[in-house]
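Protein chains in written order, with the numbering used here: chain A, 1332 to 1489; chain B, 1332 to 1489.
Treat the hints loosely; a few may be bogus.
Which copy? The list can't say, so a pair holds if one copy fits it or any two copies do.
Below, a list of computed lysine to aspartate or glutamate pairs in the EDC-like style, where the Cα atoms sit at most 16 Å apart [stated by the list, open to error]:
1. Lys1358 with Asp1439
2. Lys1463 with Asp1417
3. Lys1455 with Glu1373
4. Lys1463 with Asp1475
5. Lys1443 with Glu1424
6. Lys1463 with Asp1420
7. Lys1396 with Glu1348
8. Lys1463 with Glu1424
Hint data in this document are derived by calculation from the structure and do not stem from the laboratory.
Residue-level listing of the chains:
Protein chains: 2
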Amino acid sequence: MPKLSVEWINPFIEATENIIGTVAMVKITRGKLTLKEDSAVEYDVSGIIGITGEAVGSIALSFPKKTALAIVTNFTGEEAMGIDNDTIDAIGELTNMVAGSAKKIFSDKGIKLKISIPNVVVGKNHTIVSPKGTPSIVIPFESDVGELAIQVSLKPGN
Amino acid sequence: MPKLSVEWINPFIEATENIIGTVAMVKITRGKLTLKEDSAVEYDVSGIIGITGEAVGSIALSFPKKTALAIVTNFTGEEAMGIDNDTIDAIGELTNMVAGSAKKIFSDKGIKLKISIPNVVVGKNHTIVSPKGTPSIVIPFESDVGELAIQVSLKPGN
């Protein structure tokens, strides 16, 4: 699979760290796992949003249930008891904020992207697979409330 | 939840029927279930693709494992034995073709949309939830090889 250069990955990492750090007050750090380009995570809740423009693809934020509940509780100020509608909405909103923040970082570099609307996938140990031929990378993060990951899939747009 | 008018839904229905009928040679027909705007399906494999432009959102094609394997077998001409990489690639490709066909139908009406790249979600009985405030509808289909559904979520773009 072709590589995604750091110039295309870093804005998503920066946006994820900033948004989760700011609005959910959870400090996350890049995980120590070796990055494997074909890796996938099997978590329980994912926010996923499409990207078009000068690059085309998607970003997904994936959480184990435990991490999702802790982050949503911090984000909304109400204790999240399960993967209910409120939790799902909050995960969608966080995904939207991360994608919007990354879009802004790209825009400041002169790269124009458009983002769609987040969907939230709920399902124990689901995986999200990007199409063959589209560079895709999973970036794991660690935090005091558990692990999470982002998955970025992007190829040149038109 | 606001309604999605038939003008916005029908091109996706037509595209799904045409593509699956043509490339997988499986005739699908609208299911008899009452449409509920808040409904969701719990299937095993979904192709999902983001949409931007004059409307923003996504389309997802969701399949029970049995239906996915039968349709992919017809599509590729090789018997699909499980939800492996080849099956996942084929579901992504079908999703891309359906979205591309719908885009063409909209384009012929003078409505410009862009589509991102499909991701395929794999997970037994997963659901895909659209954000609050974004009109979303699930359309069930039936066929000789089993049921499937599409989920369209769209709101005005910019």
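Hint-by-hint comparison with the structure:
1. Taking the closest pair of Cα atoms, Lys1358 and Asp1439 never come within 16 Å of each other, the shortest separation being 24 Å inside a single copy and 48 Å across copies.
2. Proximity of Lys1463 to Asp1417 under the C-alpha cut-off of 16 Å is restricted to the inter-copy arrangement: shortest distance 9 Å between copies versus 34 Å within a copy.
3. Within a single copy, Lys1455 and Glu1373 get their C-alpha atoms as close as 8 Å, and across copies as close as 12 Å, so both meet the 16 Å cut-off.
4. Taking identical chains as interchangeable, the C-alpha atoms of Lys1463 and Asp1475 are never at most 16 Å apart, the minima being 34 Å within one chain and 29 Å between chains.
5. For a Cα distance limit of 16 Å, the shortest separation of Lys1443 from Glu1424 qualifies neither inside one copy, at 21 Å, nor across copies, at 26 Å.
6. When the C-alpha separation of Lys1463 and Asp1420 is checked against a cutoff of 16 Å, the pair qualifies only between copies, where the shortest distance is 7 Å, while the shortest distance within a copy is 30 Å.
7. Taking the shortest Cα distances, Lys1396 and Glu1348 never come within 16 Å of each other, neither inside one copy (19 Å) nor across copies (36 Å).
8. Within a single copy, Lys1463 and Glu1424 get their C-alpha atoms only as close as 29 Å, which misses the 16 Å cut-off; across copies the closest is 10 Å, which meets it.
Checked against the numbered hints given earlier, the structure breaks hints 1, 4, 5 and 7 and satisfies all the rest.
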